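Participant: One-letter residues, chain by chain:
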Amino acid sequence: MKQTTRKAAAPGRPEKYPPDWLGMHRMMLLIRHFEESVRSLATAGAVPGLVHLCAGQEATNVGVIAALAKGDMIASHHRGHGHCLAKGANVFSLLAEILGKDAGLCGGRSGSMHFIDLDNGNLGTNGIVGGGIPLAAGAALAARARGGNEVFVCFFGDGALNQGLLHECMNMTAIWNLPVVFVCENNGFGEFTAIDDVTAGPSIVARGEVFGIPSKMIDGMDVRTVFTTTQRAVARARAGKGPSFIVCNTWRFGGHHVGDKQDYKMDAETKRWLARDPIPKSGKRLIAEGLTTAAKLKTLEAQITTQVRDAVDRVRNAPEAAATRLAEHVYG
Amino acid sequence: MVEPRVITFREAVLEALFLEMHADPNVMLIGEDVGAAGGVFKQTEGLFKTFGATRIIDTPISEPGAFGMAIGAAMAGARPVFEVMFGDFMTLCMDQLVNQAAKVRYMSNGRASVPLVLRTTMGTGANLGPQHSQGFYAWAAHVPGLKVVVPSNPADAAGLMRAAIRDDDPVLFFEDRMLYTAKGAVEADIPLVPIGKARVLREGRDITLIGIGRMAQFALDAAKRLAADGIEAEVIDPRTLVPLDQEALLQSVRKTHRAIVIDGAPRSYGVTGEIASIINEDAFDWLDAPVMRLGAADTPVPISRTLEPLWRPDAARIEKAVWTLLS
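Quick mapping for you: the protein sequence lines, in order, are chains F and E. Going by the numbering used here, the first residue of the first sequence is number 56, and it counts up by one from there. Going by the numbering used here, the first residue of the second sequence is number 872, and it counts up by one from there.
No lab work stands behind these hints: they were computed from the structure. What you are looking at is a predicted structure, and each value in this text was computed from that prediction instead of being measured. Glycine included, every Cβ here is placed at the ideal spot set by N, Cα and C. Hints should not be assumed to be uniformly reliable.
A few chain E residues facing chain F, derived, Cβ under 8 angstroms [to be verified]:
id	residue
1	PRO875
2	ALA941
3	ALA944
4	LEU999
5	ALA1012
6	VAL1014
7	GLY1016
8	GLY1101
9	LEU1115
10	ALA1119
11	LEU1121
12	GLN1122
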């Protein structure tokens, strides 16, 4: 993706560059196809363990990460394949990792939920709800100590809103003015429990406001809204003005994990959210603006289908981790 | 080699911190009251004045978040020393320690690491009670991916702190507060002490006393008393529990044929059982008696002036145990 290789603006200056809407659309499509393939593989029993898909949440994944510059880092969560891809992970390496193969970026040790990709500025997906939040905040602390001007994004779901870690880190990043953007991907459910049933207070954004952190709730199904909101938060962070909090309202099209029957979702609600699918929405707008044509989008989708299918074929035939590797990399 | 001076344990570790912070700009110190206040035990005095607020970070009382941030800082190129004021508060950091710090290297297939030191205090003798005395090094030692250091004297503590800061893995550094004022010879340039090497504090032929942390000092005291009765005890300080210098312990037992393992934490499911098992498995044929374990009581630490001293082993109890094992 173009935007992952862009240089950061000078500290104190707003980010100025033309948004690559088509590139963002392409990345959302890739994530959707990737997730559909993982779903098929998991249903067929090819994926060891649990797998949590982000289909439906592509606009938050892509819109946020597209607003970052090279050197900026993210910390993801257990529903993190989209973040990994948007941050530059190789499709084959990620898929191989999810299938626990030796050729996976983490040698098949991490799978879907513990994928770490520092070369692409990704502190990792995380099996502990809220676990990535302090990692990104701490990376910001380290950057400040060495005089860097990178920005750090903590992605978390609404399930992490009630973790103490989030509030501790919001407090610390606020008192130290750290360059952090807190991004809550609010898909309405923490596992199988509706967020409203377990969350007190008048609003989610108040959770940031109480620390004096500029906080905003936005439409997480619109990649452009997500991008422009994040862009402002990133510019603020890079200017040394401290953290921001963005709540992206979104929806996971699947269940908590592959195999979840989703009895807790209401049909009408599901229908309403499906109608807001971020990908067709973005496609229509691109066509209306003359940035692409329906035919070109069709070709793009065919290319992505092939790209993902090729990766799946390669991964299926890739070797499993060798027994001799069990005890490697416990210590340096 | 530079002439040694006699300084306290606390001074020695503080000198090690100064040395490493001067040597490497990536070293940071993070904790509660470590900065302007200079540490609740004056163990970080002067660092803030020298290195400033970007490298010496005074945190709010938010151990899980602050320690998690230290891990993130370590993943992003810093080498933080994170201070947990009382070892008991380490429980607040356990998720970060066990699920993040210990596993990053493995989960990333060696592509990422957490070069961090978690420094904490522990120990009885000041009537601090059930929630301000505990040393959870046995818990830490049970988690693959963590290294565990428990020094017993100023020179080792300082040399090991330098080595821990330079280590690319998370190292837990347990300091017994009652040793802070203990004095010892420390060379001015503070030689590095390798992590994973035990030290024979006293040579002897009749019995091996393996003491963890301050217990090694009690074992030395006991050995001196026993010498008056013609018993020559060998005292070994493992210094680091992970990695453990098994060979040094086994060598000693093969010479003396008897061993007592002494620990200042509750005996059940602790370090003494692990070390005794290693000796049983690998030096059984050399043993003239079962390996004995001396540990603290399997109770919380009481605050009472009469009860607290009964809680853990001391020189007199070690001496008594030696006579029991020899008879």
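Participant: Report the numbers of all earlier hints that the structure fails to satisfy, in ascending order.
Facilitator: Of the numbered hints given earlier, those the structure breaks are 1, 4, 5, 6, 8, 9, 10, 11 and 12, listed in rising order.
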